[in-house]
Amino acid sequence: ISKSRMPAFPGMGYPLVPGYESVGRIVECGASSGRNVGDYVFVGGSRSFADARALFGGAAQLLIASGQRVVPIDASFGERGVLLALAATALHAIDGGAIPQLIIGHGVLGRLLARLAVLLGNEPPVVWEINTGRHSGARGYRVCTPDDDTRRDYASIYDVSGDASLLDTLISRLAPGGEVVLAGFYDVLSFQFAPAFQREARLRIAAQWLPGDLAAVSKYVSQGKLVLDDLVSHIQPVAAAPSAYRQAFTDAACIKMVLDWRNCS
Numbered sequence: 475i476s477k478s479r480m481p482a483f484p485g486m487g488y489p490l491v492p493g494y495e496s497v498g499r500i501v502e503c504g505a506s507s508g509r510n511v512g513d514y515v516f517v518g519g520s521r522s523f524a525d526a527r528a529l530f531g532g533a534a535q536l537l538i539a540s541g542q543r544v545v546p547i548d549a550s551f552g553e554r555g556v557l558l559a560l561a562a563t564a565l566h567a568i569d570g571g572a573i574p575q576l577i578i579g580h581g582v583l584g585r586l587l588a589r590l591a592v593l594l595g596n597e598p599p600v601v602w603e604i605n606t607g608r609h610s611g612a613r614g615y616r617v618c619t620p621d622d623d624t625r626r627d628y629a630s631i632y633d634v635s636g637d638a639s640l641l642d643t644l645i646s647r648l649a650p651g652g653e654v655v656l657a658g659f660y661d662v663l664s665f666q667f668a669p670a671f672q673r674e675a676r677l678r679i680a681a682q683w684l685p686g687d688l689a690a691v692s693k694y695v696s697q698g699k700l701v702l703d704d705l706v707s708h709i710q711p712v713a714a715a716p717s718a719y720r721q722a723f724t725d726a727a728c729i730k731m732v733l734d735w736r737n738c739s
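Each residue of the sequence shown is one higher than the one before, counting from 475 in the numbering used here.
Don't read these hints as lab results, they were simulated from the structure. Note that this is a predicted model, so its numbers are computed, not measured. Fair warning: there could be bad hints in the mix.
Said to hold, decoys possible - Quick list of simulated restraints, FRET-style, between CB atoms:
hint, residue 1, residue 2, range
1, 712, 569, 32 to 42 Å
2, 572, 510, 36 to 46 Å
3, 521, 595, 29 to 39 Å
4, 703, 511, 24 to 34 Å
5, 550, 723, 22 to 32 Å
6, 712, 604, 25 to 35 Å
7, 508, 663, 33 to 43 Å
8, 624, 736, 48 to 58 Å
9, 510, 736, 16 to 26 Å
10, 511, 604, 45 to 55 Å
Note that CB positions come from ideal geometry on N, CA and C, so glycine has one too.
With these hints in hand, go ahead and build the complete structure from the sequences.
Set out below in structure tokens:
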């Protein structure tokens, strides 16, 4: 379970339509959209709402988006198609620096980051996860608690836990000149200067994915190089959204929750 606290972002406020991880079928399209009715697509949100803020605007039964904003995917992906956004987020973080050697957090983003590290690197990463119930599901990499890892010469550490209190611990595990990449959400960050100074530590913030990242991970998935299996753990009808959101944020067994809008009235 992440200990992160969502910071204030431009576009926050109520009423709010959240979400940038949606899949569905095109029911209508313009001649210049480059898309076809019936196409199964990933939709990275929309801004088509009246009298509501869209912080990315993907959580709705009907979305209106430009043809360039939707990505055709194989219908066999089903609900797994929503994971393309997080996979693109993980790839965007990696593209800014070295392949991760240590990853903090074995949630869905940590798992995608680890799978990409195995795909792109020579050395399988280590993943720290304090909740032993989340240690299963590793594919070609090791998951352990911090106490079971004695290594202190990591060149690249990626945090996706969102736990700002870990920064000093992560810096203490760096090799000289090593880098900590923050790929979660954080409120206020602080660290002791002297240990970071002694290691000439670098700190990098990984931001939102870009269209090129989405295209790249879509290609990896279509080629079978990046597997999205075993990551969507729960699916609930949208009518159950209040309880589904609570479960997604409090239940360690919930790796990824998907809301099903198909029977929404």
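Hint by hint, here is what the structure shows:
1. 712 to 569: 32 to 42 Å: holds (34 Å)
2. 572 to 510: 36 to 46 Å: Once the Cβ atoms are compared, 41 Å apart, the range 36 to 46 Å for residue 510 and residue 572 holds.
3. 521 to 595: 29 to 39 Å: Once the Cβ atoms are compared, 37 Å apart, the range 29 to 39 Å for residue 595 and residue 521 holds.
4. 703 to 511: 24 to 34 Å: Check passed, 29 Å falls within 24 to 34 Å.
5. 550 to 723: 22 to 32 Å: The hint (22 to 32 Å, Cβ to Cβ) holds, given that residue 550 and residue 723 are roughly 30 Å apart.
6. 712 to 604: 25 to 35 Å: With Cβ atoms ~32 Å apart, the hint holds.
7. 508 to 663: 33 to 43 Å: holds (42 Å)
8. 624 to 736: 48 to 58 Å: Distance hint for residue 624, residue 736 holds at roughly 49 Å.
9. 510 to 736: 16 to 26 Å: Between residue 510 and residue 736, where Cβ atoms are some 20 Å apart, the hint holds.
10. 511 to 604: 45 to 55 Å: Holds - the Cβ-Cβ distance for residue 511 and residue 604, about 48 Å, lies within 45 to 55 Å.
The structure shown violates none of the earlier numbered hints.
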